[in-house]
Amino acid sequence: MSETTTDTRSSGPFIAAIDQGTTSSRCIVFDRDGRIVSVDQKEHEQIFPRPGWVEHDAAEIWDNVQEVVSGALDKAGITAEDIKALGITNQRETTLLWEKATGRPVHNAIVWQDTRTDALCRELGRNVGQDRFRRETGLPLASYFAGPKIRWLLDNVEGLRERAERGEILFGTMDSWVIWNLTGGPDGGVHVTDVTNASRTLLMNLHTLQWDERILHSMDIPAAVLPEIRSSAEVYGTAGGKLAGVPVASALGDQQAALFGQTCFSEGEAKSTYGTGTFLLMNTGERAVNSYHGLITTVGYRIGDDKPVYALEGSIAVTGSLVQWMRDQMGLIKSAAEIETLASSVQDNGGAYFVPAFSGLFAPYWRSDARGVIAGLTRYVTRAHIARAVLEATAWQTREIVDAMQKDSQVELTALKVDGGMTSNNLLMQTISDVIDAPVVRPMVAETTCLGAAYAAGLAVGFWPDTDALRANWRRAAEWTPRMDAAVRDREYKNWLKAVERTMGWIEEEQ
Amino acid sequence: MPGPIQSLERAAAILRLLAGGERRLGLSDVASTLGLAKGTAHGILRTLQQEGFVEQDPASGRYQLGAELLRLGNSYLDVHELRARALVWTDDLARSSGESVYLGVLHQHGVLIVHHVFRPDDSRQVLEVGAMHPLHSSALGKVLAAYDPVAHSEALEAERTAFTDRTVTDAGEFEKVLQLTRARGWGSDLEETWEGVASVAAPVHDRRRMPVGAVGVTGAVERVCLDGEIRPGLVAAVRDAARAVSRDLGATRF
Numbered sequence: 026m027s028e029t030t031t032d033t034r035s036s037g038p039f040i041a042a043i044d045q046g047t048t049s050s051r052c053i054v055f056d057r058d059g060r061i062v063s064v065d066q067k068e069h070e071q072i073f074p075r076p077g078w079v080e081h082d083a084a085e086i087w088d089n090v091q092e093v094v095s096g097a098l099d100k101a102g103i104t105a106e107d108i109k110a111l112g113i114t115n116q117r118e119t120t121l122l123w124e125k126a127t128g129r130p131v132h133n134a135i136v137w138q139d140t141r142t143d144a145l146c147r148e149l150g151r152n153v154g155q156d157r158f159r160r161e162t163g164l165p166l167a168s169y170f171a172g173p174k175i176r177w178l179l180d181n182v183e184g185l186r187e188r189a190e191r192g193e194i195l196f197g198t199m200d201s202w203v204i205w206n207l208t209g210g211p212d213g214g215v216h217v218t219d220v221t222n223a224s225r226t227l228l229m230n231l232h233t234l235q236w237d238e239r240i241l242h243s244m245d246i247p248a249a250v251l252p253e254i255r256s257s258a259e260v261y262g263t264a265g266g267k268l269a270g271v272p273v274a275s276a277l278g279d280q281q282a283a284l285f286g287q288t289c290f291s292e293g294e295a296k297s298t299y300g301t302g303t304f305l306l307m308n309t310g311e312r313a314v315n316s317y318h319g320l321i322t323t324v325g326y327r328i329g330d331d332k333p334v335y336a337l338e339g340s341i342a343v344t345g346s347l348v349q350w351m352r353d354q355m356g357l358i359k360s361a362a363e364i365e366t367l368a369s370s371v372q373d374n375g376g377a378y379f380v381p382a383f384s385g386l387f388a389p390y391w392r393s394d395a396r397g398v399i400a401g402l403t404r405y406v407t408r409a410h411i412a413r414a415v416l417e418a419t420a421w422q423t424r425e426i427v428d429a430m431q432k433d434s435q436v437e438l439t440a441l442k443v444d445g446g447m448t449s450n451n452l453l454m455q456t457i458s459d460v461i462d463a464p465v466v467r468p469m470v471a472e473t474t475c476l477g478a479a480y481a482a483g484l485a486v487g488f489w490p491d492t493d494a495l496r497a498n499w500r501r502a503a504e505w506t507p508r509m510d511a512a513v514r515d516r517e518y519k520n521w522l523k524a525v526e527r528t529m530g531w532i533e534e535e536q
Numbered sequence: 387m388p389g390p391i392q393s394l395e396r397a398a399a400i401l402r403l404l405a406g407g408e409r410r411l412g413l414s415d416v417a418s419t420l421g422l423a424k425g426t427a428h429g430i431l432r433t434l435q436q437e438g439f440v441e442q443d444p445a446s447g448r449y450q451l452g453a454e455l456l457r458l459g460n461s462y463l464d465v466h467e468l469r470a471r472a473l474v475w476t477d478d479l480a481r482s483s484g485e486s487v488y489l490g491v492l493h494q495h496g497v498l499i500v501h502h503v504f505r506p507d508d509s510r511q512v513l514e515v516g517a518m519h520p521l522h523s524s525a526l527g528k529v530l531a532a533y534d535p536v537a538h539s540e541a542l543e544a545e546r547t548a549f550t551d552r553t554v555t556d557a558g559e560f561e562k563v564l565q566l567t568r569a570r571g572w573g574s575d576l577e578e579t580w581e582g583v584a585s586v587a588a589p590v591h592d593r594r595r596m597p598v599g600a601v602g603v604t605g606a607v608e609r610v611c612l613d614g615e616i617r618p619g620l621v622a623a624v625r626d627a628a629r630a631v632s633r634d635l636g637a638t639r640f
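Protein sequence lines correspond, in order, to chains G and A. Heads up: take any position in the first sequence, counting from 1, add 25, and you land on my numbering. Heads up: take any position in the second sequence, counting from 1, add 386, and you land on my numbering.
These are computed hints drawn from the structure, not numbers from a lab. Check before you lean on any hint, since a few could be wrong.
[To be verified] Which residues of chain G face chain A? A few of them, derived with a C-beta cut under 8 Å, are:
no., residue
1, A362
2, R500
3, E504
[Stated by the list, open to error] Per the computed footprint, the stretches of chain G lying under chain A, defined by three or more beta-carbons under 8 Å from a beta-carbon of chain A, are:
no., stretch
4, 449-456
5, 463-473
Positions of the beta carbon are idealized from the N, C-alpha and C atoms, including for glycine.
Just chain G, with the same shape it has in the complex (with noise of 0.2 Å):
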C-alpha cells in the first residue's frame, strides 16, 4: 500500500460531469483516480398538462445546469483553469425543437416518459406493426423515442414545419440543447449528438451511424433539423461563461454513460442500475446482436474513431418504486431502507409471488394487457412475505431479462456489475446474485453516470491515456455470490413464471 494513506484532499487538474437527468440536473468534479471532489444538484419542475404527457421547461433547465457547473466548482475552490475537459451525460430520448437565431425553445420537451405519440407509433407501424424500423434502428416503434416525439410538434406547433423546412429550427436531445448553449448558442454554437443519444431518436442506422434517410422520410421529418452524429468522446467545441475555454469533450446517454463509469469495456460484461425503474446493458463488442427475446439493440459507446461498441438493453420498469408503493400506498413501511427488516424477519416468500406489472409486462415479454399480480396467498402469508416477494419481484425480473441477453447474444453472463440506490439494500443484492447465479459486484463510486461522462472526456483529451487506466481506476466494494441451491432456484423460478402468466389478458381492450 502507498503512503497516501491518510491524504483524503485531491489535488488537481479535475474532469467536470454535468448529468442533465429526468428529475434534476448535476454537475460532479472528479479528480485523476475517478473519486468525487465537489457535487452540486438542482431539480427542475415536471410539468404534467394532460394524464400521460410530461414535459420540461428547457430554459429553465440550461438556466440550472449553468447554476450547478459554478456551484460544484466554487465548493471545490477551483476555476475553469482547473478543470481540463467537460463530459455531458443526459436523460435519453427527452425532444426539444428551438429556434436557431434566437435559441427560444418552440414549445416544452417532451420527455421521454410522455405517451402523447402512442397513437402516432402505431399508425407509423403501419401494417407491419411495431418492429418496422427495428432492422435499422434496434428499436420498436414506441413512444419513448424521440422521432414520433419531433413529428408530433412538427404536426402541432403552428407553423413550425414550414420554418424546419426553411432550416431555422433545430432539434435535439438534451446533450446537444446543453452543448449549443455551452459552445455558444446563437452565437456559432455547435449543432451535434453522440451515438448512443442519436440511435434512441429511431432515426439513426445503427450500422451507419447517419441519419437514415428512408425513415426520415416515412416519418416526414426534414433533416436540416438533425444535429450532426459525432462519437461520444471527443472535442466538440469550447465552453464559454463560467467554463471558459474547457474543452466539451463527451456526451453519453445516461444508461450508457453509467456502462462507460463500470468500465464495461469487454463483450460479455453489463452494468445494472437500481433505481425508481431498473436498466440493464451488455456489451456485445462489435456486433450490434438482434434481439428475439424483447430486447433493444443500441450504441453502448464510440470513442473518437475507434470502432463502436454496441449493446444489447433491456429494462424493468417497476423496483424502487414498487418499494415506495409499499410505504406510500401500502403503508406496511415507514421508510424504503425498512423493506429489508420487514423481509429479514422471515426465512422465505411463505409461497407468495409479487409480479408488479403495474403498466403491464416490459421486456422480455412487451404484454400492455397484464396487470400487477400478488399469487399464492393463503393464510399463512404475512406482511413479511410479501415484502420478501417485493425484492424477489427485482430479482426474478433481473434474471429474465439476463436470460434473453444470454439467449441473444450467446455471450454468458460471468458477472453483473451494479450501481444506483437500491445497491444499499444487502437482501437484495444476496437474492439477485442467488437467482441469476452469478457474482453480483458494487463499485466504490456510486456515481458511475457522471463517472462514465467523465471518463469519456478525459480520454477525448488525453487526461487518461486509454480505458486500461480507467479500469485501474475501477474499485470493488462489495460482492454477493450465489448461495441458492439449484433446484430451490429452479422451484422458484417456476413458480415466478407461473405468477408472471397470470398477469396476462387482465385488460380486455387492448388489441
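Got chain G; can you put chain A on it based on the hints?
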C-alpha cells in the same frame, strides 16, 4: 416476588388517561378521575414531566402527553436505514484509507456488522455483513461500550475472552480503556482480537445524540500502525466519516 409498584401503576393510569378522551386535563380532573389525592397526582405528573412523558400547557396549566413518549415509539433506528445513509461516506473512507471499512451496531452482547466495504485492491474478499465481532476487544465494540450504556454493561458482564496476548480482560483495565476511548473520541484494537490485525473506530450518533453504531477501518498492523500506534491520518479519516454519517442522521455538529 414483590407485588407491583403502586406509584408506577398510578403513573401508567395517568398516561392512559391523557392518551384517551380529552387531550388536555387539569390536575383536579386527573386526581378525581383516578381517585387520587391531588398531592399524589401532582407528584406523579411532575415526575413524568421531568422525564418528558408529560407536558404542561403554560397558559392553562393543563397536562398533555409529552414528545418523549412519541420518540420512545419511534426511537429504534433501522440498521438498513443506517447502512443506506452511511454508504457514500464508508465508500469514501475505504478509498482514502486503502483499508476495509465496517459499520457495526450492538446486537446480542456483540457487534453486528451491518455494512462492509472491501479494501480497494483487487484481492479476493468476502462480504462480512451479518458477522459478529466481540464487544470487549474490537475497536467497534470498545466504541459502542464506551458510548452506549447498554453495551457498557453487557461488555462488563460478559466473559472477556483473551483472543491474543494483548486482549484486555481485567474489568478495571477494561474500564480504563473505555475512559480513554471516551476522552479521545475514538477506539482502537491493536492485535487484541486477531493477530496481525489492527483497527480504529469512532461513534455514530443520531439526531438525539444517541450512539447508534460505530464505523471503523481494519487492516494489517504494518499498514494501519506507525511505531505501535494507529496512524494519526487514519484516525482523522475515520472520525470525519463517523461525523459525516451522524450529520446525515440529523445529529448536530459537535
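Against the structure, the hints come out as follows:
no.	hint	in the structure
1	A362	holds (4 Å)
2	R500	holds (4 Å)
3	E504	holds (6 Å)
4	449-456	holds (count 3)
5	463-473	holds (count 3)
In the structure shown, no violation is registered for any of the earlier numbered hints.
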